[in-house]
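Read off the chains here:
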Amino acid sequence: AQTVTQSQPEMSVQEAETVTLSCTYDTSESDYYLFWYKQPPSRQMILVIRQEAYKQQNATENRFSVNFQKAAKSFSLKISDSQLGDAAMYFCAYPRPGGSEKLVFGKGTKLTVNP
Amino acid sequence: ETGVTQSPTHLIKTRGQQVTLRCSSQSGHNTVSWYQQALGQGPQFIFQYYREEENGRGNFPPRFSGLQFPNYSSELNVNALELDDSALYLCASSLGQGLFNEQFFGPGTRLTVL
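In order, the protein sequence lines correspond to chains A and B.
For the record, in the first sequence the residue sitting at position 112 is 112 according to this note's numbering, with numbers rising by one throughout.
For the record, in the second sequence the residue sitting at position 68 is 1068 according to this note's numbering, with numbers rising by one throughout.
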């Protein structure tokens, strides 16, 4: 069975500082995508960043970047210059076999940003 | 471009009843996936519809069923509700099939079963 593990139920960071959220996954697939989603209190899940497994280069989207270690099956999210609006649940996700639309999610990390 | 919408926002039912949740896809999207998110957990995949046909199912019993209509909107039906069905139900739409098609999520329906 495919699993996604987020070992940090909660994290906190001071505004303007950097925080890293961890994620490990288990798959036998050779080509796949990995995703980080943000779910604010409004509940709407928003895609933060995605990584294509066959690409060596780590993905970056503005203040968000990933550290993708394929051999270790590790996919961490780094948020730089944290803002109050970054406070949310963050979920790491991996696609089930058959297409990337069918996602397996971790249990999430609740990020608090302190002013 | 209209985003993914879901109705109702909240719903309270009693054990044994039946419920129908609705989802309108983002314009042009032909694939809808449904997820169940229990409190404090990540979403779990229920099933997916692609061009009105079921296209994959997670580990959910048959009392969870769905439909997709020609306009690609979708319904999730749950029969014989149980207390453990209390959760946030999310739908997500995407365009087509393939290794990557970004899913766009709706705001969810919060179902409470008493």
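To be clear, the hints were calculated from the coordinates, so they are not data collected in a lab.
Hints are not guaranteed to be accurate.
[Said to hold, decoys possible] Here are the computed lysine to any residue pairs in the SDA-like style, where the Cα-Cα straight-line distance is at most 25 angstroms:
no. : chain 1 : residue 1 : chain 2 : residue 2
1   : A       : K110      : B       : L1088
2   : A       : K70       : A       : Q14
3   : A       : K110      : B       : D1084
4   : A       : K107      : B       : E1053
[What the hints assert, rightly or not] Calculated Cβ distances over 10 angstroms to all of chain A for the following chain B residues:
no. : residue
5   : S1007
6   : R1022
7   : S1027
8   : S1033
9   : Q1041
10  : Q1048
11  : P1062
12  : R1063
13  : N1071
14  : L1081
15  : D1084
16  : E1102
17  : Q1103
18  : F1105
19  : P1107
Bear in mind the structure is a predicted one, so any value in this text is a computation, not a measurement.
By construction, the Cβ of each residue, glycine as well, lies at the ideal position given by its N, Cα and C atoms.
Status of each hint after checking the structure:
1. The straight-line distance between the Cα atoms of K110 of chain A and L1088 of chain B is roughly 17 angstroms, inside the 25 angstroms bound, and the hint therefore holds.
2. Restraint check for K70 of chain A and Q14 of chain A: the C-alpha separation of about 30 angstroms exceeds 25 angstroms, so the hint is violated.
3. About 23 angstroms separates the Cα atoms of K110 of chain A and D1084 of chain B, which keeps this hinted pair within 25 angstroms; it holds.
4. Restraint check: the Cα-Cα separation between K107 of chain A and E1053 of chain B comes to about 29 angstroms, which exceeds 25 angstroms; the hinted pair is violated.
5. Under the 10 angstroms C-beta cut-off, the non-interface status given to S1007 of chain B relative to chain A holds; the minimum distance is some 14 angstroms.
6. Every beta carbon of chain A lies more than 10 angstroms from that of R1022 of chain B, the smallest distance being close to 16 angstroms; the non-interface claim holds.
7. With a least beta-carbon separation of about 17 angstroms from chain A, S1027 of chain B lies farther than 10 angstroms from that chain, consistent with its non-interface assignment.
8. A beta-carbon of chain A comes within 10 angstroms of the beta-carbon of S1033 of chain B; the shortest separation is about 5 angstroms.
9. The claim that Q1041 of chain B lies off the interface is violated: its Cβ sits roughly 6 angstroms from the closest Cβ of chain A, which falls inside the 10 angstroms cut-off.
10. Its closest Cβ contact with chain A, about 6 angstroms, brings Q1048 of chain B to no more than 10 angstroms, contrary to its assignment away from the interface.
11. Look at P1062 of chain B: its CB is around 18 angstroms from the nearest CB on chain A, clear of 10 angstroms, so calling it non-interface holds up.
12. With a closest Cβ-Cβ approach of about 20 angstroms to chain A, R1063 of chain B is found to remain outside the 10 angstroms limit, as its non-interface label requires.
13. At the 10 angstroms boundary, the C-beta of N1071 of chain B stays outside the reach of chain A, the nearest C-beta of that chain being 19 angstroms off.
14. Even its closest Cβ contact with chain A, about 21 angstroms, leaves L1081 of chain B beyond 10 angstroms, as expected for a residue assigned away from the interface.
15. Non-interface status of D1084 of chain B relative to chain A is upheld: no Cβ of that chain comes within 10 angstroms, the nearest being about 17 angstroms off.
16. Its closest Cβ contact with chain A, about 6 angstroms, brings E1102 of chain B to no more than 10 angstroms, contrary to its assignment away from the interface.
17. Annotated as non-interface, Q1103 of chain B brings its C-beta within 10 angstroms of a C-beta of chain A; the closest such distance is 6 angstroms.
18. Against chain A, the non-interface label of F1105 of chain B is violated: not every CB pair exceeds 10 angstroms, the least being about 4 angstroms.
19. At roughly 5 angstroms, the least C-beta separation between P1107 of chain B and chain A is not larger than 10 angstroms, which violates its mark as non-interface.
Consistency with the previously given hints fails for numbers 2, 4, 8, 9, 10, 16, 17, 18 and 19, ordered from lowest to highest.
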